[in-house]
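Based on these hints, arrange chain R on the given structure of chain C.
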Amino acid sequence: MIAFLLQRLASAVVVIFAMSLIVFAGVFAIGNPIDVLINPAADQVIRAETIARYGLDRPFWEQYGYFLGSLVRGDFGTSFVFNQPALGLILSKLPATLELALAAMLIAIALGIPLGAYAGLKPDAAASRAIMAASVLGFSLPTFWVGLMLILVFSVETGWLPSGGRGETVTLLGIDWSFPTADGLAHLVLPALNLALFKLSLIIRLTRAGMRETWPADFVKFARAKGLTLRRVVLVHAMRNILIPIVTVLGLEFGSVMAFAVVTETIFSWPGMGKLVIDSILTLDRPVMVTYLMLVVTMFVTINLLVDLAYAALDPRVRLGGQR
Amino acid sequence: MSTRAASPAALFWAEFAESRMALAGLVVFALAVLVALTAPWITPQNPYDQAGLALMDARLPPGSVGSGGYTHWLGTDAQGRDVLSAIVWGLRTSLFVGAAAGVVALCIGTAVGLAAAFCGGRVELALMRLVDLQLSFPAILLALVLVAILGQGLFQVVAALVAAQYAYFARTVHGAALSERRKEYIEAAAGIPLHPARVVWRHLLPNCLPPLIVVATVQVANAIAIEATLSFLGVGMPVTEPSLGTLIANGFQFMLSGRYWISVYPGIALLIVIVAINLVGDQLRDVLNPRLKK
Chain C
0 MIAFLLQRLA
10 SAVVVIFAMS
20 LIVFAGVFAI
30 GNPIDVLINP
40 AADQVIRAET
50 IARYGLDRPF
60 WEQYGYFLGS
70 LVRGDFGTSF
80 VFNQPALGLI
90 LSKLPATLEL
100 ALAAMLIAIA
110 LGIPLGAYAG
120 LKPDAAASRA
130 IMAASVLGFS
140 LPTFWVGLML
150 ILVFSVETGW
160 LPSGGRGETV
170 TLLGIDWSFP
180 TADGLAHLVL
190 PALNLALFKL
200 SLIIRLTRAG
210 MRETWPADFV
220 KFARAKGLTL
230 RRVVLVHAMR
240 NILIPIVTVL
250 GLEFGSVMAF
260 AVVTETIFSW
270 PGMGKLVIDS
280 ILTLDRPVMV
290 TYLMLVVTMF
300 VTINLLVDLA
310 YAALDPRVRL
320 GGQR
Chain R
0 MSTRAASPAA
10 LFWAEFAESR
20 MALAGLVVFA
30 LAVLVALTAP
40 WITPQNPYDQ
50 AGLALMDARL
60 PPGSVGSGGY
70 THWLGTDAQG
80 RDVLSAIVWG
90 LRTSLFVGAA
100 AGVVALCIGT
110 AVGLAAAFCG
120 GRVELALMRL
130 VDLQLSFPAI
140 LLALVLVAIL
150 GQGLFQVVAA
160 LVAAQYAYFA
170 RTVHGAALSE
180 RRKEYIEAAA
190 GIPLHPARVV
200 WRHLLPNCLP
210 PLIVVATVQV
220 ANAIAIEATL
230 SFLGVGMPVT
240 EPSLGTLIAN
250 GFQFMLSGRY
260 WISVYPGIAL
270 LIVIVAINLV
280 GDQLRDVLNP
290 RLKK
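For the record, the sequence lines run as chains C and R. Residue 0 is where the first sequence starts when you use numbering that gives the first Met the number 0, and the numbers rise one by one after that. Residue 0 is where the second sequence starts when you use numbering that gives the first Met the number 0, and the numbers rise one by one after that.
Looking at chain C on its own, in the form it has when it is part of the complex (with noise of 0.2 Å):
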């Protein structure tokens, strides 16, 4: 167990490593972010003075290393455009973006494993038929046009709620919020269902399979043929199975709702680390952009690293099929 626990984080790092040096391979080939940094107007001293300072001119392997040796000590680097240590800013955007991907998924499960059993009790039903159909929907239709048209529908149309941004917002525990306002809440309503509904059409299918598979199983006859209610066989014997799997895909999935957040954030102007990367894309701010980058790759890697181990806490098969 721990050869398999030692070469699954060899092999984490190797990624992490790898990443790196591809990530700032890529954005050092993007354009020239000197042109970002001074104004036009500035004359060639100042150029050139301003190039050196941030080691712009040396070759790539030392900036490299230049950029590896900082990381070790925490240091991302410092944005061009708001003059501010990059990982601070980004982290200072993270709750923003946490209390949206939490929100999200809460709708997600909240909706979906009602409306999933309830398809996969009753397949034939027009009600799941209907179900069914929004979920390939769900599936299929680019977020960012879900999103166009729910604020056409409720902010423009409508008027019921806002378009964009996080409304009023209470400091708890020295963070910013904006759930516990009625204000904050319905800046939250839109954006949240905009990213929950991908997640949502997951989790809908998911139960429903599951639903489908386990009726019929003997268990579930024996506790119908017992006389229990048709409530608690549901909630209690059917459900336990159907919940494995569905935790292990929302555990997978929670890294890809973070990465939907970029688009969705851009869409409605939630102020979070998504909204933040596109517009330091946009600016070419090469710190921002690497730091972002680093952190979603650590953050993957972690999540596929704790799947795994888990898996093989659970199933020795895996433990001894991964030493080959």
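None of these hints come from the bench; they were simulated from the model. Predicted model only: the values in this text are computed from it and were never measured. Built from N, CA and C at the ideal position, the CB exists for glycine as well. One or more hints might be untrue.
[What the hints assert, rightly or not] Examples of chain R residues toward chain C, derived with CB under 7 Å:
| id | residue |
| --- | --- |
| 1 | L126 |
| 2 | S135 |
| 3 | F136 |
| 4 | P137 |
| 5 | G152 |
| 6 | A227 |
| 7 | T228 |
| 8 | L232 |
| 9 | V234 |
| 10 | G266 |
[To be verified] Residues of chain R clear of chain C, computed beta-carbon distances all greater than 10 Å:
| id | residue |
| --- | --- |
| 11 | V144 |
| 12 | A147 |
| 13 | R170 |
| 14 | K182 |
| 15 | P195 |
| 16 | A220 |
| 17 | I273 |
| 18 | L287 |
Frame of chain C, contents of chain R only:
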């Protein structure tokens, strides 16, 4: 079976046509391709031709008659461009990007998957590790990063989409090829002995095609959706070569002031194309899946 004299193609078609939705999807998709191909001859205005645009026609609501003397059925945008013409030309760009990315990703992915399955050993381990690693990241994020690195433009967007999507093909082909490789006809062909390239190309590949066709259909729709998303975020197709996503992005700022048509109609066009392709893909999956055969 012997009573049926129909060719495999006819059988396939009859099974496909069982679903009216899929048939409708196919018809709509064929129409979209036709419209996109004939764009220069069927649109009243060339949206790229700056000289043909009049600012006095800007932001006309649908149905109004502009200075050109013809009706703008879907209104005009901020530059006085006919929205209907812009959609038809945008459809051209979107479909081209989707098809190009789909075909190139198909070729590269198939090559990677077949190579891994046929070579086995270290090559297989290395290639499939890379593919699995890539599949653990969402395609949209990967494409976003690549476009950020490569810059804007048609070639860059297609390259980013290919790099983000080839892994899906590689995974599919690898899985199919692994299960086929052990079968007797492959061993017979290899035992004759035929050249390995011939075994792969003429014997292995054709039997991996059914799942590949399904993935290809879905991935073309995905490529169109991802390209639209990138363009909407402002990092995809440039304004000089607008796709449907660029058109939607351009109209977004006017939507809050009630001029919905600049964004919404290109959006509906995008929606129709993506849903049509997905309907066709769903039916193909059912028809080509041997486990669902009656």
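Quick rundown of the hints versus the structure:
1. Because the beta carbon of L126/R sits about 15 Å from the nearest beta carbon in chain C, more than 7 Å, this interface hint is broken.
2. Contact between S135/R and chain C, as hinted, is supported at the beta carbon level, the nearest pair being about 5 Å apart and thus within 7 Å.
3. Of the supplied interface hints, the one on F136/R holds, with its beta-carbon coming within about 6 Å of a beta-carbon of chain C, less than 7 Å.
4. A cut of 7 Å between beta carbons decides the hint on P137/R: the least distance to chain C is about 4 Å, and the hint holds.
5. The closest approach between the C-beta of G152/R and any C-beta of chain C is roughly 13 Å, which is over the 7 Å cut-off, so the hint fails.
6. A least Cβ separation of about 6 Å between A227/R and chain C falls short of the 7 Å threshold, and the interface hint therefore holds.
7. Restraint check, T228/R versus chain C: the minimum CB separation of about 5 Å is within 7 Å; hint holds.
8. At about 6 Å, the closest approach between the beta carbon of L232/R and any beta carbon in chain C falls short of 7 Å, and the interface hint on this residue holds.
9. Evaluation of the V234/R hint against chain C yields a held restraint, the C-beta minimum of about 6 Å falling below 7 Å.
10. Residue-level restraint check for G266/R holds (minimum Cβ-Cβ distance to chain C is 5 Å; threshold 7 Å).
11. A beta-carbon of chain C comes within 10 Å of the beta-carbon of V144/R; the shortest separation is about 6 Å.
12. Look at A147/R: its CB is around 4 Å from the nearest CB on chain C, not clear of 10 Å, so calling it non-interface is violated.
13. Every beta carbon of chain C lies more than 10 Å from that of R170/R, the smallest distance being close to 16 Å; the non-interface claim holds.
14. K182/R, annotated as away from the interface, keeps every beta carbon of chain C farther than 10 Å; the closest lies near 24 Å.
15. Every CB of chain C lies more than 10 Å from the CB of P195/R, the least distance being 25 Å, so the non-interface label holds.
16. Remark: the non-interface label on A220/R conflicts with the geometry, its nearest Cβ contact in chain C lying 6 Å away (cut-off 10 Å).
17. Non-interface status of I273/R relative to chain C is broken: a Cβ of that chain comes within 10 Å, the nearest being about 5 Å off.
18. Every beta carbon of chain C lies more than 10 Å from that of L287/R, the smallest distance being close to 18 Å; the non-interface claim holds.
Against the hints set out earlier in the document, violations occur for numbers 1, 5, 11, 12, 16 and 17.
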